[in-house]
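Peer 1: Chains as they are written, first to last, in this note's numbering: chain A, 1 to 308; chain B, 1 to 157; chain C, 1 to 177; chain D, 1 to 359.
Hints may contain errors.
Cut-off 27 Å, straight-line C-alpha distance, at most; resulting in silico cross-link-like pairs (DSSO-like, lysine-lysine) [as the list claims (entries may be wrong)]: (1) A/K32 to C/K40; (2) B/K6 to B/K85; (3) C/K9 to D/K19; (4) C/K9 to C/K155; (5) C/K136 to C/K94; (6) B/K6 to A/K32; (7) B/K85 to C/K136.
The set of hints was computed from the structure by calculation and includes no laboratory data.
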Amino acid sequence: MSWEKVFFALLIFPGLLYAVPTAWLMLWLERKFRARMQGRIGPPFYQPFFDFVKLMAKRRVLRPSFDSIFMMGLPLVSVSAGLLALALLPISSDSRGFAGDLVLLVAFLEVPSLCSVLAGFASRSIFGQVGATREAILSITYNLPFLTAIVALAYSAQSLRLVDIAASPAGGVRALAVLTICLCLPVKLRINPFSVSNAEQEIYSGPATEFSGPQLAMWELAHGLEWVALTGLVVCLGLTFRTGTWIGDFAIYTSLSLVLVILLTILATGTARLKIQQAARFYWRWGMGLSLVALILGVFPDIERFIR
Amino acid sequence: MRLIKKLVSMARRRSPWLFHLNTGGCNGCDIEFSACLAPRYDVEQAGILLVGSPRHADILCVTGPVTRGTRAALETIYAQMPEPKVVVALGNCPATCDVFAGSPAIEGPLDRILPVDVYVPGCPPRPHDLIKGVAQAVAILADQQPRDRRIIEGVNQ
Amino acid sequence: MNIFSVLLKNLRMGPATLRFPEEVPYPKGFHGPVKIHTEKCICCGMCAYVCVSGAVRVAEHKDNCEWVYSPGLCTFCGKCVSVCPVEALHMAAKSAPSYFNTKALDEVHLVPYSPCPECGRPTPPVREVLRAKAFKGVAPNVLVKSLICQRCRQKDSQRALVSIQVKGEPPPSRSDK
Amino acid sequence: MSFTIPIGPYHPALEEPCKVQVICEGEIVQDVSLSVKYNFRGVEWLAERRNYHQAIALVERVCGICSNVHALTFCNALEGLAGLTVPERAQYIRTIMVELERLTSHALWAGIAAEVMGFQTLFMTCFAMREQLMDLLETISGNRIHYGMNCIGGVTRDLANPEAVRITVRRVRQTVTDQLIPLFTEDKTIHARCSGIGQMTKEQAVAWGAVGPTARASGLTEDIRQTSPYAAYNQLEFKVPVETSGDVFARVVVRLLEMVESCHIVEQALDQIPPGPIHHGPIFVEIPRGEAVARAEAPRGELFYYVSSDGTDIPCRVKIRTPSFVNLPTVRLMMLQANLADVPLINASIDPCYSCTSR
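So that you can see chain A by itself, here it is in the shape it has in the complex (with noise of 0.2 Å):
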């Protein structure tokens, strides 16, 4: 990879100019359509974008040194994981990635979560610890079957690279792994029915409780990418095709991110909040199930000729 591709991928696309954005307009959606389901009207296009000016122009209130670095720091940590892991999405058919680009993206869509729960401990207030140790925990329950679905990916691909993942032969390994990753998505976007570490009506905002202005925007602004980043990597691994054209990837890309920004929207509508142990249940049971069964049969690839 030349470093002007590096650059391209980081700060034009999949990166900064049209992840941002992105991340604005998913958040809109997410909120319009969730107001509609409700028979509301819900907030205008340009709501998260003007959210987020108003956060950066407001005064910050004065803390202990310490505590300011992480709580500043933490949240722009936060924001270049999402970006860094835009970046080596395999969008379009001419990305190449690098051997091992594969346990890079996982790191770094991690990241986030990490960051929120230092953030919940640095933050000294008992919400933003209980609100920690919930994602913590959740964290634990998820990432089983997330990385377990990732491994039996890259088994059966033989690869540890997205490009050759993305361009692995369609079937029932793929199907199942995709599947479980999709099966994540709503814990790691702390949506409903799995919003446990940011319940607002049990510890208010979680994590972010204590943090006001500009550090609220930097958070605000890491969820959106995540948004971003998920949908996009449940899209570049669902999609057994490319177009071959640069501009063919980049609209069936955003716009399949856009309708699982729907799709997750639904379900967020129609569901209450479970508890931490009921989603925990859900997710060793569903999640390890699904994913054991994509393992199993990437790793002996005769059951499914067998099956079939």
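With the hints as your guide, set chains B, C and D onto chain A.
Peer 2: Structure of chains B, C and D alone, referenced to chain A:
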């Protein structure tokens, strides 16, 4: 620079986040306040969001006369809100204590404790009056008018 | 009914929201701020007596009566309107506007006193409605007396008492037609 | 790791200030302490310094959700003291108002409970339905909350348009039976959150003195409307819904069924309402020396008023016992060994009204 200022003012006008505080009222205003979230009024159409933490809020909506038990919490919460912030007194209780005036358990009215920017009269005000009051508070938030000038102007209508 | 069918129904029906600044119409008989017809008021102070929060205050002066109302104190219960004997009060069909200064909405109305037909001193007005109500079936020669001031009325009663003692005549009573 | 989590005095799940101090071991609640001092405004103290007419408007402002039943019970006590007979029509209007208020209160509660469970859509559905009732109440009384309908010896406003009431009530009943009841009872995530949470047996309910829907969800059949009827309840027929499982889900079911029953009562009352005066006569009534007590079934349970008079126009003593006051201690019982995530839900399940409790 002027462009940024304009943008910020626009953003403040379009995304006011409210923190709601009942300082010991009878609940009436609070119910009407939550009715504003309901489909019929839907304050989200104006970008208004009800937040759970005072650190996220721009506008402090106070209902109820300030009782002895709530005064300390009220002051803490006001201090936790980042500038710029405005205070809206919803209903007659925070403005004048209404029926509870003269009770030894009341510390209010609110303007004895915090600077109040907008008063919304009513017992309780109708949801649309609440929203109108918040809209006026938003205008103050966006323009950052000096407080004493507003007092001279008196009624806005 | 499944929750998803509710969601679908909401999507199909469209939002039930009123767009700003559209408002829910005020119903007939809405309890808005209290308004006074000073030409009907008889300065009886009933409204101030039943007002729980002191939003309505009545102060008597030498030649007029001051009726003060502050919407900021009002509970909009409508008690003052329902006890007013001459229907001088009514409630506006629109709520009060929001304000920036606590004294901004206070209303002060002066009810002028009319001169007493006998001595000319300012006296609280007596309206036709009240005369029709309170002095129903009273002889016309007594009805005239309903307009006179308190002091003249006292004098009148004293005179009547004296006349009973001196002449043995019965005083004019209500049952006379 | 054991830590103390203060829920309140200001919390997104609470409309009002209240402090639930939860001592947790991990996510499991070990101990709970409640503090309700925040709303104390001294209403009883103020009522002893206001005349009877002012006191009616004052006691309405004890609580914004069940204001009408406060005024009604206070008037009932005063009428008992003065020996007044309230005209039939006024009694029926009072009954209709109280039942409509119960409907709005339960709709509000259902919405808040859904919101506490994180089910925003259901909150919106409940509040959309509630708006119809609020409109109706506004056309009847002129106010959306604090109706100011009751006065000593009758009501202040007549029921101008009974047809509008009937139409709205029919629509509300349809929404409740077609949408709310299936949604609350059949949705899997709601079941997962409500079933088996916050258990209280019948014996415990008796021992802790629970009243209203909280007690009826545990199998008690106590309802003041049936055991000692006031207003026009003795001429109306209605069932009292009772559940036996005693968990949060049972309380949900009891309240939803009560809403249907309330619609039924209003429709009956509209059928039977006689013509006639709405007030017994003179506005100003002399309240003789003596004491009186009145009870009523508020949306949350038994409401109790004690009024003592010395013959002047100012009450000597007004004592109010509100349903939430007796229901709140049961919260501790139900919360022990519960999950932290269940704490707001259990708290909401008794429909606590702190402004009633601490006044």
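Peer 1: Output the numbers, in ascending order, of every earlier hint that fails for this structure.
Peer 2: 1, 3, 4, 5 and 7
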